[in-house]
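There are 2 protein chains.
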Amino acid sequence: MAVQKNMADINRQSLLLHKKHGGKLSVVCKVPLRNKHDLAVAYTPGVARVCEEIASDKSLAKTYTLKRNTVAVITDGSAVLGLGNIGALAALPVMEGKCALFKRFADIDAFPICLDTQDSEEIVDTIKRIAPVFGGINLEDIAAPRCFEIERRLREELDIPVLHDDQHGTAVVVLAALINSLKVKKLSKKRMKIVINGAGAAGTAVATLLASEGYNTIIVCDSRGAIYKERKKLEPHKQLLAKISNPRSYTGDLSGALRDADVFIGVSVKNILSPSMIKGMSDKPIIFALANPEPEIHPLLAKKAGASIVATGRSDFPNQINNVLAFPGIFRGALDTGVHAITATMLQKAAYRLAAIIPDPRPTKILPSPFEKGVVRAVSSAIQKKISL
Amino acid sequence: MAVQKNMADINRQSLLLHKKHGGKLSVVCKVPLRNKHDLAVAYTPGVARVCEEIASDKSLAKTYTLKRNTVAVITDGSAVLGLGNIGALAALPVMEGKCALFKRFADIDAFPICLDTQDSEEIVDTIKRIAPVFGGINLEDIAAPRCFEIERRLREELDIPVLHDDQHGTAVVVLAALINSLKVKKLSKKRMKIVINGAGAAGTAVATLLASEGYNTIIVCDSRGAIYKERKKLEPHKQLLAKISNPRSYTGDLSGALRDADVFIGVSVKNILSPSMIKGMSDKPIIFALANPEPEIHPLLAKKAGASIVATGRSDFPNQINNVLAFPGIFRGALDTGVHAITATMLQKAAYRLAAIIPDPRPTKILPSPFEKGVVRAVSSAIQKKISL
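Sequences listed follow chains A and B, in order. Residues in the first sequence are numbered from 2 upward in steps of one, following the working numbering. Residues in the second sequence are numbered from 2 upward in steps of one, following the working numbering.
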């Protein structure tokens, strides 16, 4: 009840804030424009010389224009927060918010682009055509499975970094949280049985990153139960999941998959995890209930059912697993080093460096807050052309 | 020689300025993000409420998002300044500059979009798809005749104002300059013979606006001479020009067209107007030599040949005819009043109100400087759903 009252209060404040300011972003001019001379230098005729330089060497756009520090936050409005397919225009407040976070945490100039199309081919074409201005592309809240194809195509066809944050930002922070959780419990990743509930953008990326990291007993469930190789009518991304997970081809539902599991990672829907399911897991399991705004199980219920470490996506409980720990640093590093792509290796390293910010993790402190110093620097340091741990 | 040295100096300063700042624009966050509570209000979970409001009533995007005050400055890089078809990326410094002027003069948040395509259909499709975020579209430096079709299509298919500034911004300022020039010379527009050299974006829009204003003896020339109805292989926009101009079907070249003309308006190339052509015009003619950076004739030469009023596109001579007198106010008015389109009537009114800022025009002062107070307000006041003079 207190939570509901609090939510109503936050909603009211949010509406007021957005109305007062007319959104959250402003575009400002950072050079002087006081008089004719300033105009001549910043605009015509002086600017023509700058254009000629770039026309003769395209790489100079990063020297002379906002491309140096600018990221596009692009959505088609098809999978926005917990709201679903609300379309381009209604997604704008979220995209503006994301851009605001880019500025606040990594001093990146980010601009929201909401696409009035949900056709993969049109989305790819449109983003390629508007790409010249940007130093990086952050795809946001695009529904699975379309998001996989769009990201793959853009990575192949553009020479700037492209990252679907719902996939990879989430995966980096989950891996960091898992690294520190195992440290708390003094466990080895080899022995872990991990169940991921949700096979959308986030679930798929989390499973892929964990598998590549050597977590070798993962079961991914969707609304039809466990994903396994022989399951019929598997979409392409689930066929890939079946290859890298569920080595014993478990074919049952979530409840059965969780039997003796050490870790539950929910990127699905509220209240799907029951206390009795937790009781069926191994002793004192790790529960990451990341559905937003309402988690797969309330953290207090999870604790009561025996969980040793509980994380959610919420800021009002301990251990918030939030993409904002990752994406500002990932793009800060990408812009600063000029890498053309963000690789799986870079993301793995970013997770380790993010985890290492907490030297002595405790059950209620497995991750830093985004406001802690060093978060962006730790993550960005992993985005290098050649890096060592 | 002094001018050349001065240009070299401005070029050098311009390169340094752009390099130092990494372009001219920055995207900033205008709401507080100091702590968890601020994040909850500006971003999740509070922002979801704002999304729902817009999903239920799209018009609320102008209440709650940056759409309220944001304009896209969009080019395909095909006709940039005097540089021509330098492509999307090399056009970016100009587009950033334009956005900076929007901010400086009208407090509009403008963002540059440089399109990596020069296909009309693709340009229209792309702009339609990225339109949701913007409150208006300023098309910029798109070559004729493509610019006409693109602007027409977008005006039909979008519900936000679309304006190709090279056309209409120029036309508004030229009309204002002409109104005050006639005031200086105590002449009536009915009797004027006007020759426009250049039938691209600017020339076409200037001719169209002047014709609709009752200037009934206009001859438009292109590189092949006068445009007249019977001329073969006329492009569609030149067929339209032939209908509204050249009533006596003059068929010769620029020099002949200028005989006894009262006004020359050049939107063409440097040094094409000779002193002897001016001497062939009527007594003490009006010369607007607007080619940039080098005008159709040097102002001192024009004066020496008998011109009474000379204007150029340059800030280092008297009477600068510069779009920056128009576009900030036009879009300020459009955003504030929520008009869906900017009509010819609004543009006419804007020119009259811009001209009226100078109550006593003199031969060397027919227009205000963009830095003078009242310019934006005068122009924006003309952009109303229903206006009276």
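Calculated directly from the structure, the hints in this document are not laboratory data. We put the beta carbon where it would ideally sit given N, CA and C, even for glycine. One or more hints might be untrue.
Claimed, not checked - Not the full set, but computed from the structure, chain B residues with beta-carbon under 8 angstroms of chain A:
#	residue
1	5
2	8
3	15
4	97
5	115
6	149
7	180
8	251
9	253
Cross-check of the supplied hints:
1. 5: 12 angstroms, violated
2. 8: Since chain A brings a Cβ to about 7 angstroms from residue 8 of chain B, closer than 8 angstroms, the hint holds.
3. 15: 3 angstroms, holds
4. 97: Residue 97 of chain B check passes; min Cβ-Cβ to chain A is 6 angstroms, inside 8 angstroms.
5. 115: Because about 5 angstroms separates residue 115 of chain B from the closest Cβ in chain A, which is inside the 8 angstroms limit, the hint holds.
6. 149: 21 angstroms, violated
7. 180: Where the cut-off is 8 angstroms and the nearest Cβ of chain A is about 24 angstroms from residue 180 of chain B, the hint is violated.
8. 251: 34 angstroms, violated
9. 253: 34 angstroms, violated
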